[in-house]
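**Student:** Knowing the structure of chain A, use the given hints to seat chain B on it.
Sequences listed follow chains A and B, in order.
In terms of full-length UniProt numbering, the first sequence has 294 at position 294, counting the first letter as 1, and numbering is strictly consecutive.
In terms of full-length UniProt numbering, the second sequence has 69 at position 69, counting the first letter as 1, and numbering is strictly consecutive.
Note that these hints are calculated values from the structure, not bench results.
Check the hints yourself; a few may be wrong.
As a list, the in silico DSS-like pairs of lysine-lysine whose alpha-carbon atoms are at most 30 Å apart [claimed, not checked]:
1) Lys-17(B) x Lys-443(A)
2) Lys-433(A) x Lys-110(B)
3) Lys-461(A) x Lys-37(B)
4) Lys-17(B) x Lys-433(A)
Please read all numbers here as calculations on a predicted model, not as lab measurements.
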Amino acid sequence: MERDNHQEGEAQGVKICDPPSERKPPDTLATSLSLLGNHMFPDPVERNNSTTDKEEPADLHLSDVTAQEQSLDAEPPSNQVKKLETEEAENSECQSNESAETTDRGAEDAADRVTEDAAAVDNDQSDSGEFVVTMLAKAKLEEQGIGVKGRSSPLLEAGTQESPAFMSHRDEDVTADSWRQHRKHVFVLSEAGKPIYSRYGSEEALSSTMGVMMALVSFVQSGDNIIRSVYSEQHTVVFLQKGPLVLVCVSSSRQSEQQLRGELLYVYYQIISMLTQASISRIFEHKKNYDLRRLLAGSEKILDGLLNLVDSDPSFLLAAIHCLPLASSLRDSLSQILQKAITPNLVFSILIAKNQLLTIVQEKTVIEDTRLEPADVHLLLNLIGASSAFQAGEIWTPICLPLFNPDCYFYAYISYLDPPECTVCLLLLSTDKEAFYAVAECKRKIEEAMVAQNSLSLIAKAQSYSVSQVGVSDLRHFMYKPFDVPDNYRQLSQFTSPEMEAPYSSEEEKMRLLDLYRYMHSRIHSTSRPLKLIYHVAERETLLAWVTSKFELYTCFSPLVTKACAITAITKLLRWIKKEEDRLFIRYPPKYSTTPNPSKSSRGGKSDQQDSTDNGFLSLL
Amino acid sequence: NISFHGGESPKGTLRVKMVLLGSSGVGKSSLALRFGKDEFRSTTPTVGCAYLTRVVHLSDVTLRFEIWDTAGQEKYHSVTPLYYRGAHAALLVYDISKRETFIRAQVWLKELEKQYTPGSTVMWLVGNKGDLAQDRQVSVQEGQALANDRDLSFTETSALAGDQVSELLIYKKAVLGLIESPDLTKETFGNKGPKFKDGPHIYH
Chain A
1 MERDNHQEGE
11 AQGVKICDPP
21 SERKPPDTLA
31 TSLSLLGNHM
41 FPDPVERNNS
51 TTDKEEPADL
61 HLSDVTAQEQ
71 SLDAEPPSNQ
81 VKKLETEEAE
91 NSECQSNESA
101 ETTDRGAEDA
111 ADRVTEDAAA
121 VDNDQSDSGE
131 FVVTMLAKAK
141 LEEQGIGVKG
151 RSSPLLEAGT
161 QESPAFMSHR
171 DEDVTADSWR
181 QHRKHVFVLS
191 EAGKPIYSRY
201 GSEEALSSTM
211 GVMMALVSFV
221 QSGDNIIRSV
231 YSEQHTVVFL
241 QKGPLVLVCV
251 SSSRQSEQQL
261 RGELLYVYYQ
271 IISMLTQASI
281 SRIFEHKKNY
291 DLRRLLAGSE
301 KILDGLLNLV
311 DSDPSFLLAA
321 IHCLPLASSL
331 RDSLSQILQK
341 AITPNLVFSI
351 LIAKNQLLTI
361 VQEKTVIEDT
371 RLEPADVHLL
381 LNLIGASSAF
391 QAGEIWTPIC
401 LPLFNPDCYF
411 YAYISYLDPP
421 ECTVCLLLLS
431 TDKEAFYAVA
441 ECKRKIEEAM
451 VAQNSLSLIA
461 KAQSYSVSQV
471 GVSDLRHFMY
481 KPFDVPDNYR
491 QLSQFTSPEM
501 EAPYSSEEEK
511 MRLLDLYRYM
521 HSRIHSTSRP
531 LKLIYHVAER
541 ETLLAWVTSK
551 FELYTCFSPL
561 VTKACAITAI
571 TKLLRWIKKE
581 EDRLFIRYPP
591 KYSTTPNPSK
601 SSRGGKSDQQ
611 DSTDNGFLSL
621 L
Chain B
1 NISFHGGESP
11 KGTLRVKMVL
21 LGSSGVGKSS
31 LALRFGKDEF
41 RSTTPTVGCA
51 YLTRVVHLSD
61 VTLRFEIWDT
71 AGQEKYHSVT
81 PLYYRGAHAA
91 LLVYDISKRE
101 TFIRAQVWLK
111 ELEKQYTPGS
121 TVMWLVGNKG
131 DLAQDRQVSV
141 QEGQALANDR
151 DLSFTETSAL
161 AGDQVSELLI
171 YKKAVLGLIE
181 SPDLTKETFG
191 NKGPKFKDGP
201 HIYH
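One chain only, chain A, in its complex shape:
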């Protein structure tokens, strides 16, 4: 019926559909935005660090921690950086602080023109283009093994744009002061300047703002350069371009540019985990002004959840997994249960409790080729945490692990094992899209074994620990991340950290401590001038961060601690961690083989249970 005609017409429509060149916006905007050139610092990290360099001794050892460091603390560091930078920036009219965020009138009008142009093109051909593009995307998915073979689906063409049924911050008034005052905005847009995601406020309302952002990116690009960041008095604006997507963070959090860019990368990966990099590239290759929100509809909550986690969970900062402390005998027995419940093409079995990892069991051959990155696990944890949908029953869904392979899907079986509480979650990843029943059978086996061993009630008793268990007075909190030693380099990066307790019980105080850690982290990991050891006397606490070849450690003490005390405390802490490490970490990620004849790896001969090499950090003291 008319639908078929529709299709043909549309297919033709697309041939003439020439999406507006990405060069166009900068051309039209070049004059009105010329002043914005001053905002760009081709390598602000350099700048940033060169300025901070002036303020501290070249070589910072614990023994010669100086008062300068303390004076630095009196005034938040980025303030000074900012001042220096604004002094350097000759044309200070660019101090329209939130230029990227709100823009001056002229730029906004210009952006309006651009978006109108884009909209006009869109109206003509959007249906057609979108259909064809979706079909292409679908074809691509089929290539990857997840489509219906040889069937075109008219579903993909039904032109009705479904409004996302679940709103969170989407209704916010983007002109209100409260909107501007959010600590961290994140925007995702396409190269054509089309809004894809905004953390706060609706994307439609922000289309002109995003148009300006894209104009900035394109303008700098037209000069064969790449815009990386804009610093203003209160905000840091960080840009990240990944393929056809542009991600922008506008932050007043005083985090380093590097950290903010890392967070944007997480947002990008989360999008990839839902759509794959290959299909996104394919879509935009065929239609530059495709509205990606169509495909992300319903997933806003997952991105919102990710950004909240990134702000509140140091796992992301440390790029490591926080596993739930568990008696090693219990953890081993859980791993064995998972190891026994296997089926062909199963590659990962993951057990999660209270949003923390309990254990992870991996297919031998797969893991010998590639290692599971913490970021992929974070994305999975976020997906499970951000959606209540999993509580309904057993879920079977395609999912991509971007760091494992950004272009292909796994099929994830997700089910809670303790309804209705829904705290213990099983995640089984298979490479076979048809494997639902086989994988669901694995869950049945796991469930039975767990009942037999009374595992659920044992897991329920497991909890994070209090810093008081360490038995070091003045120590308020810490984060400890051991580094992989060569012998167990296949191990997942992990860290351990106690609960945040008083005085860090309130959300504000937690955030303040995390901000201090972020600051320490940015100093330790500064690209131009990394530090190994920082003793930082802040107003209400004293922090000590230390990185060695064996570990990375952040500690927080009461403000009255002396340097000598802190050193003794850290020695004790490290000794305690050593004693408890079997409980705090997944020491030997177990493996299984689902293929009858596992191919021999060149690295073979390494037994699963060997390499008990300790991390040897005590020798450093």
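**Tutor:** Relative to chain A, chain B alone:
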């Protein structure tokens, strides 16, 4: 003689694969939850597909409904056939307060009709959110007319209020013709379930 808790031992268990299809936000998951657990709670968008089971005991047979609650979001459409393949029953769900979801349901219908030889799958058209009658954009008559035209069964439900949901299950069983042909029992009854031509229209 229909009991959901059944005391007498059934002759056999029938596996009934049922799939829910429709736009994002029409209430497929809420309906599934109503079927599966007789609960209502607001849900977040389904990721991929949720699988629930419900066992219904009848006097002479036990039905094990395997409910595949698909995600309405467009990004999952390419994988949806994974879930509706081999379904004995399909519920095409729309939201009576959103016309575009009704249009979308018809598109799903076309898709299903392409995939199936007539009679192999029993299809129901379900207008959900009956509790939003004040915002109604699709009339009962329209739904009924479409159902008659395409030889579907039709009902309106409210997952929120629980209206007609269990009835839908019971009638589905009737529609599947199970009671009439107990020979089809045992583990699976294949794709040959006779289609109930004039399905019991429980909406009047």
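**Student:** Could you run down the list of hints and mark each one as holding or not?
**Tutor:** For each hint, the structure was consulted:
no. : hint                    : in the structure
1   : Lys-17(B) x Lys-443(A)  : holds (20 Å)
2   : Lys-433(A) x Lys-110(B) : holds (24 Å)
3   : Lys-461(A) x Lys-37(B)  : holds (28 Å)
4   : Lys-17(B) x Lys-433(A)  : holds (18 Å)
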